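Peer 1: The chain contents come next:
There are 4 protein chains.
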Amino acid sequence: MTKNRLEAFSDGVIAIIITIMVLEFKPPHSVEWASIKVLLPTFLCYIISYIMVAIYWGNHHHLLHTINNINSRIIWANQHLLFWLSLVPFATAWMGETNFSSLTVALYALLLNLCGIAYYILLKVIVSTGIHDQKFLLSLKKQEKKGVFSLIIYTAAIPLAFINSLISGVLFIVVAIRWLIPDKNIEKAEKNKGNKPAF
Amino acid sequence: MTKNRLEAFSDGVIAIIITIMVLEFKPPHSVEWASIKVLLPTFLCYIISYIMVAIYWGNHHHLLHTINNINSRIIWANQHLLFWLSLVPFATAWMGETNFSSLTVALYALLLNLCGIAYYILLKVIVSTGIHDQKFLLSLKKQEKKGVFSLIIYTAAIPLAFINSLISGVLFIVVAIRWLIPDKNIEKAEKNKGNKPAF
Amino acid sequence: MTKNRLEAFSDGVIAIIITIMVLEFKPPHSVEWASIKVLLPTFLCYIISYIMVAIYWGNHHHLLHTINNINSRIIWANQHLLFWLSLVPFATAWMGETNFSSLTVALYALLLNLCGIAYYILLKVIVSTGIHDQKFLLSLKKQEKKGVFSLIIYTAAIPLAFINSLISGVLFIVVAIRWLIPDKNIEKAEKNKGNKPAF
Amino acid sequence: MTKNRLEAFSDGVIAIIITIMVLEFKPPHSVEWASIKVLLPTFLCYIISYIMVAIYWGNHHHLLHTINNINSRIIWANQHLLFWLSLVPFATAWMGETNFSSLTVALYALLLNLCGIAYYILLKVIVSTGIHDQKFLLSLKKQEKKGVFSLIIYTAAIPLAFINSLISGVLFIVVAIRWLIPDKNIEKAEKNKGNKPAF
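Chains as they are written, first to last, in our numbering: chain A, 1 to 199; chain B, 1 to 199; chain C, 1 to 199; chain D, 1 to 199.
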């Protein structure tokens, strides 16, 4: 029951984060190609960030699904995650406006890193409150492994942005794909065992 | 149970989309007719987009009503739909600011098309997960037919915007009316059969 | 069950409406009295509109409390109400920015009128779907009476704004007080009858 | 049941408040240190306000957890609290933009004071509607004590801002720590008594 309100608040914050990014697109006053072209990097950044935040929502959804009771440690680990996620629109807009300058791409990679660490902490806090369902523990272990993989890639993306922003961009996409694909495998595995999909 | 959170997140995103459009109205600093007149096309665009998004909310509501379990395919088909819907405020503002220039009206028609396709995909994914209630399948079939009709009209509206923006505008209204009217018929039919309205 | 989603969507929209108004306050770049003074009318407008929207939320809450099933007529009457409410931040900002100029105050009164009519329509649609609880019918009758009173006052406030904006401002406050006070009486009456407060 | 909607509305408003603050960060158009440096006070203000609003959400969550029925007094005490909280993004942005000028810091302290008083009123209204669970009464007593402590500190921070803004800043952090730490103690105490954590 109380969990619902934590979910509802997180849903609200994530829904706002994902939609206020679009407020950064100021419609150009003319319809000439020159003024449209300026928007393209911002639009590309929006797509990347939309997918990133959508993955977080999916994982968050899955993670909170596993628990029944919450305590203030979970509440604050969750607020900590939402704090870093709330900075995504700013970092996205900055990256787009400076046309993927090395510094802003590196800061974006750093921010994704901080989001990833915050998610990892939340996961650990939730596991430490005691989950007894073995299937969920297994699926959280897989989430954890993917999380560590993401953190390594994001950390690499920080210095690499100063060589070429494109390398970091590709790494962001690699992480996104890594999260998008295996979720299906988990569900299929669960289905084969005759269980309903976890989420 | 888990469906609720997908609904809540979608409600949040759609609620924000429908209300941030109004942020585009910058109140004029004077009260002279000249400065008010500039707002009129933006206001007209707002009304059209408000109705469009409201129709999506109604249909989305109806569609998710039919299912009990969700899986990650449904989650991502839904995120995909929300992505295109999230661009509606931008396209609306651009169309209004350029006073219905052909290019922006064509892009608006394209965006409605992409929203329509995303909704169609979501509908197909949901039907493919297995719905056994014949009545709902029938009502989704009707939604599908109307969806295909909308896509044809939107596709026609893209080139026609370059002849005259007004033609496309009329087509948008035709689609809106097509969605608004028959919903009542479905409900009446259901009522006559002695069932409670579907939504 | 389905009613919950209509409530959740309305809550989201009203929550956004009530909070985006504050986005209109651009913090002045200096701390001199001259730049602060400019904000005062905007702040005053914010207080009035906040109370107005809060009253709508309370009444909406009460109104939907009385029903179990919704149909598409209720959905669209509700969307219609939310449409006019969504224009409140715009009208509020305009009134504040022009320092309560007659035209903007008259438009604000007109908008409150349109919100009031939309609410009245929603109330009528909900009553017409059949409410059998006599107590709620009685309380809705009282809401209806107060609604008609508000519409008369708002209508008077439109031309009176051109004589003096202050008169209209006082009328807005009169309506607000009319809605705030008697709600308690209803609750007390219900309590005296040994019933729990309706909301 | 009805309580849920008050919670949902409050969650929506608080979620928006906490995330629109980030809209104040306008990404600088360049990546030079000079243009980044300007953002730092705004960022620091954001962190402080984020924690403040997050604490309110946690306490609000806890407070409403204790009740089953709501009445219009609770609704309006809650709206009153949300009103002052809704001004936090404005005060935060102003403080950041003027680089912690004494006047804006004093106003921020005043606003936190008004939020604190509004919370205190809500707490009193809820207690007066009759809570019979002794454990919750005890935990609310502790909340009340911390609330009075906060009000005293905030009141002191108003004149002290004119001596040095930093003193007030430190006081804000002291209050935040005061709220963050002891919540855990309450939970531990409850746990030791063999009860589940209150929230």
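Think of the hints as simulated: they come from the structure by calculation, not from any bench. Keep in mind that this is a model prediction, so the values were computed, not measured. Accuracy of the hints is not assured; some may be wrong.
[Said to hold, decoys possible] With a straight-line Cα cutoff of 30 Å, these simulated DSSO-like cross-link-like pairs (lysine-lysine) come out:
#1 3/A x 142/A
#2 37/B x 26/A
#3 135/B x 145/B
#4 26/B x 142/A
#5 141/B x 3/B
#6 26/C x 37/D
#7 26/D x 26/C
#8 26/C x 124/B
#9 145/D x 124/C
#10 145/A x 141/B
#11 135/A x 146/A
#12 26/B x 26/A
#13 3/A x 3/D
#14 3/C x 26/B
Peer 1: Checked against the structure, which of the hints given earlier come out wrong?
Peer 2: 4, 8, 9, 10 and 14
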